[in-house]
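With the hints as constraints, model all of the structure from the sequences given.
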Amino acid sequence: MAESAVTVIPPVARSPIAPVGGATVVDGWERATRATLAVLRLCDLSFLAKVQVRAPRQGGVGELLGVPMGRAARQGGRLVVGAGPGEWLVLGPQGQGESIAAELGDRVAGTGGLVSVVDLTHGRALMRLTGDAAVTGVLSKLCAVNLSDKAAPDGTALRSSVASLVTDVVRDDRDGQRSFLLHCERSSGQYLFDALLDAGADHGIEACAADERDW
Amino acid sequence: MIRIPCPFCGPRNSNEFAYKGESKRRPDPATATAEEWRAYLYDHDNPEGWVREGWYHRAGCRRYLKVERHTLTNEVRSAEPAVGA
Amino acid sequence: MTATMKSGVATRRLPPQEGEVIDRGAALTFSWAGHSHRAYRGDTIVSALLAAGVTVFSRGFKYHRPRGVLSASSLDPGCLLQVGDEPNVRGAHRRVEPGMEVHPQNVWPSLRYDVKSANQLVGRFLGAGFYYKTFMKPERLWPAYEQVLKRFATGGRVSAHSPHGYYDKRYAHPDVLVAGGGPAGMAAAVAAADAGAGVLLVEEEYELGGHLRWGDATERVALAELRAAVGAHPGIEVLTNSVVTGRYDDNWVAVLQRRHPDVTGGGFGPAGSRVQERLVKARAGALVVAPGLVERPYVFDGNDRPGVMLSTAARRLVNLWAVKPGDRAVVFTANAAGDAAVTDLQRVGVDVARVVDARRGGDVVSAIGGRNGAVAAVELADGTKVDCDLLVTAVGWTAPTSLLNMSGDKPLYEPRAARFLPGGRLPDTVYVTGGIAGDGSLDELVAHARAIGAAAAAGEGSRAAGAPTLGVDAHPALFKGRTHGMVDFSEDISSKDLVAAAKEGYDSIELMKRYTTVTMGPSQGKLETVNAVAVLSEATGRTIGETGTTVWRPPYTPISLGAHGGRILEPVRYSPMQPWHEAHGARPLIAGQWIRPDHYGNPEAEVRNVRHAVGIIDVTPLGKLDLRGPDVPKLLNLLYVNKWSKLAIGGVRYGVMCAEDGVVMDDGVTGHLDEDHYFMSTTTSGAATVWEWMENWLQTERPDWQVHVTPVSTAFASVNIAGPRSRELLGRLCTDVELGGEDFPYMNVRKGTIAGVPGCYMWRIGFTGELSYEIHVPASYGLHVWESLLRAGEDLGVDAFGVEAQRVMRLEKGHFIVSQDTDGLTKASGAGLDWLVKLDKDDFAGKPELVWQQGERYQRLVGLQPVDPSVVPPESSLIVRGESDIVGRITSSRRSPTLGRAICLGFVAPELASAGTTVTVLLPDKRRIPARVMEHHAHFDPEGVRLRG
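Top to bottom, those sequences are chains A, B and C.
Using this note's numbering, the first residue of the first sequence is number 692, and each one after it goes up by one.
Using this note's numbering, the first residue of the second sequence is number 52, and each one after it goes up by one.
Using this note's numbering, the first residue of the third sequence is number 20, and each one after it goes up by one.
Note that these hints are calculated values from the structure, not bench results.
No incorrect hints appear here.
Straight-line distance between alpha carbons at most 25 Å, and here's what the computed BS3-like set of lysine-lysine pairs gives: (1) B/K75 to C/K653; (2) C/K404 to C/K343; (3) C/K653 to B/K71; (4) C/K857 to C/K662; (5) A/K841 to C/K188; (6) C/K860 to B/K75; (7) A/K841 to C/K300; (8) C/K81 to C/K515.
In structure tokens:
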């Protein structure tokens with residue numbers, strides 16, 4: 692083993708989205724600080740754990756996770772998203788990516804066929820858009836899929852192009868307010884965040900720090 | 052813009068998909084002659100009427116689909132997973 | 020008149036009218052040709068100018084005759100104006116805004132003294148097909164012709180300094196989209212919404228109502244009722260000042276929504292919105308086409324003089340904007356609209372000198388011009404001449420069937436009604452109602468529209484048995500009178516031109532259209548097409564039905580380029596270290612979607628630092644794929660040209676992929692991380708392609724193989740640490756992996772902790788030719804690790820280097836770059852990859868072609884050095900033999916700071932590929948320089964001593 696010749700400062704994890712209102716560090720993650728009273732809010736949730744599960748489309752894992760493609764459901768402290776055919780996305784609290792992946796790995800092992808669990812916490816960006824009817828208005832400027840209340844009620848999950856970027860869109864209302872999670876490739880997180888702010892400018896959108904309501 | 056009725060995602064605009072051309076069988080590389088192989092690579096029937104073609108749902112489920120489309124009316128009469136439904 | 024214009028007094032403004040849309044409490048000022056004028060909110064530019072006594076707004080495109088108001092609507096061909104820096108504004112539609120600066124266009128030097136009107140005298144040279152005839156030969160004069168043609172070109176000025184507008188885009192998903200907000204459109208929308216449908220109602224004008232807006236008291240009552248019903252319905256979204264511009268496959272409908280100067284909200288946006296125009300892309304369950312009818316001009320001598328206008332124009336001016344269109348009028352009428360114009364004009368004090376009734380054989384022969392070319396008298400068929408300053412015509416209607424054409428219908432001519440009607444070949448999801456569908460009383464039309472709206476909401480299908488029909492009323496067929504006149508007011512094409520074209524053999528309507536450009540101007544044939552068809556029919560002795568009509572294609576109305584472009588949505592990708600690059604003066608390099616540091620000021624110094632000490636480069640954009648499953652080795656064997664079965668855990672191998680045509684597609688290294696777990700890197704640009712290529716094989720050809728591919732390009736921040744002191748530097752931050760040469764040899768991979776971050780992959784590979792480690796760290800910690808490396812290696816001389824330095828070092832080492840040193844035709848063999856291709860494998864992508872490549876003699880990729888070490892031939896310089904025989908090209912070239920000379924990679928003909936051959940490079944400045952073919956691709960340390968460290 693090589694000798695460590697220098698003092699290493701504790702690692703800080705950073706989101707691909709620049710923290711709004713200045714940064715603070717919460718449990719090893721850099722976080723935004725800006726608070727807002729705006730009705731239409733956009734916040735970065737990239738610090739949450741994001742784990743991908745893949746398995747045969749019609750196999751044991753689907754029954755085990757209990758969420759079909761196109762739907763999302765809360766299970767304990769997690770949100771399980773049926774992201775694609777034989778593909779699930781499990782979102783969980785900050786810092787639990789590895790433990791969720793390990794626990795899921797144990798649970799799905801031996802359900803038949805090839806099963807894989809990959810912790811993508813550091814590989815994807817995640818953000819939440821919350822507000823009134825304007826939420827649908829903002830998304831309708833960027834996404835060709837019908838995301839109205841009728842077509843995409845709470846618990847809807849789909850993948851499509853948002854601002855020309857492949858994005859998982861999950862309707863996940865908070866406290867009775869319309870809310871969507873948007874999940875994309877990490878490197879384009881800032882781009883998608885900015886595109887949402889631009890599309891929401893006429894609706895008075897504000898970027899802010901995530902708080903308990905957002906998770 | 053035509054819509055492709057994706058068997059997994061439902062009807063979506065065609066610009067979510069990558070067009071992969073007319074469906075063809077890859078000849079056995081061990082026995083194919085150069086003519087057969089190059090016909091596979093480069094020759095396209097391009098008929099007026101129904102064609103079977105491959106579309107990849109790049110911005111959606113990321114499945115390769117077999118789609119039946121009418122080249123004159125752009126009507127799509129079926130779309131299914133490339134292999135095994 | 021001049022004096023009143025300057026004082027801005029509205030001489031032609033009438034007392035308040037019942038249906039007027041102007042707000043007399045809100046006066047504003049604007050300017051026209053530099054003179055200040057007053058207007059009321061609600062005025063169009065043209066209504067305000069007419070009220071101020073202005074009658075001429077432009078000059079004809081070819082003959083430069085003065086033009087006034089014809090239709091007083093957005094179609095008005097004589098009212099295209101320049102507003103500020105915006106050209107071609109529809110002056111009879113665009114509302115006046117305070118401070119607007121309006122100018123005429125297509126006039127030189129001024130509206131009143133137009134030099135080009137001399138063209139009237141030389142009209143015979145500007146007849147049908149004049150472009151083709153006059154400017155044909157000699158070809159060497161084309162530049163001169165262009166100058167002449169440019170001066171005739173219609174249109175205003177475009178400024179290079181205009182501020183960039185903000186154009187919006189939006190998707191919509193109405194169950195029913197109604198095109199046209201007249202009585203039928205409103206009734207259809209209400210009926211559809213009553214049935215539970217979500218409705219989008221689109222109206223071109225600023226308000227709903229169609230012709231009811233300029234109608235009589237009964238019509239105004241009906242209008243109020245319909246508007247109230249629409250307004251009260253939460254299921255209807257109304258877009259005004261908006262046009263359905265096209266209908267495409269599967270009811271994909273484009274709507275252009277324009278800014279509404281007097282109204283905020285209304286579906287457009289809040290006050291102060293930046294948005295100028297918005298393109299709405301709607302996927303409509305059902306499309307209801309209800310555009311109404313367009314009044315058709317009459318073709319006769321002088322029909323384009325200012326003062327000659329359609330009955331709808333006169334009625335709109337009087338009733339909507341309270342403008343008196345003339346003092347003494349002759350009205351030529353064939354229908355109720357013309358009769359209503361007589362009533363309206365008389366009511367507001369216009370002296371109607373004569374009503375000429377076409378239904379009783381009356382006809383106008385000529386509009387005789389007076390001062391400034393405006394109408395001064397009318398000659399009638401009975402030989403009488405009547406003095407007047409206004410000639411109103413009401414000769415019938417054109418059905419604007421554009422949306423029906425775009426839906427696949429072929430409209431049919433109905434001689435009894437003297438207009439085209441829907442041809443009955445519409446898709447089931449496209450419905451028609453209102454005047455375009457047939458005639459009837461207002462009640463009958465509204466009842467029809469309600470039935471259609473309900474059917475559309477229920478998805479019954481437009482061809483369903485229950486779909487109602489409307490009858491048609493008889494109407495005289497009046498197109499061209501007994502004299503020749505203007506057919507196309509936009510393109511300045513007369514009936515005489517069309518007859519001449521027919522005589523020359525252009526006797527089908529589609530040919531005639533292209534030869535004469537008739538219907539190809541800004542009003543796109545909505546005023547002109549049927550008259551052109553009628554003139555051609557007469558000239559050829561065929562019926563209108565036999566002659567047929569041209570096909571109306573999208574867009575229905577011109578769309579600004581800004582609206583087409585919409586909001587700019589081009590994804591951009593950044594590495595986690597981007598904030599550091601920006602703070603340290605990195606020059607950005609745009610590589611596909613990625614923004615990368617090209618260099619930090621001095622790329623040559625960056626190269627020297629790597630060769631002598633240690634440098635770090637951000638290579639996050641490298642494509643990375645996580646591969647899991649028992650069949651991964653099979654997949655690697657199938658996609659790469661080399662063999663993969665025996666790669667041990669911890670081992671790394673270089674591979675090249677070829678497409679099925681044997682052309683080099685991508686290259687990279689793949690490491691065996693763990694049981695059934697591999698990690699593949701690809702080129703930056705090839706990342707998505709390789710992933711799709713893998714999925715293609717796994718989903719179509721090899722569905723039984725068990726492999727999961729997950730793209731992780733940006734899950735890991737990637738850094739290459741290169742240089743003689745790289746091991747020392749990494750060793751200071753990595754405490755759980757032994758980095759020594761024997762424990763961690765070249766082409767191996769290890770997993771460990773770097774700068775306190777666990778789960779990092781370290782590869783001993785590199786393309787700089789130095790001892791180097793490529794590390795992949797969880798991306799959230801990328802910036803932390805990058806800064807830790809710089810801090811830890813300060814005394815070792817560590818510094819960042821960019822893409823340019825990397826390119827130089829790669830070239831020094833002779834590593835080719837896919838898509839820089841190869842292209843879409845480069846065979847593996849030509850790229851010098853024969854050593855890598857293993858043809859004894861059973862099957863792999865491209866194998867048959869690679870077998871046939873054996874023995875073919877392709878251009879070969881070689882290392883090249885110019886004999887003069889100071890000359891760096893630009894990339895893409897040709898390698899030539901003799902005068903013009905092209906035998907190769909330079910694909911990469913740089914000055915090597917390490918060797919102090921120019922170095923290149925390039926393709927040369929096979930007979931020139933052996934080491935020591937001298938070839939001739941043709942530089943862009945035509946110099947020819949000698950260059951030597953080298954033994955290796957690598958110019959520096961070809962044995963790789965330094966790299967194995």
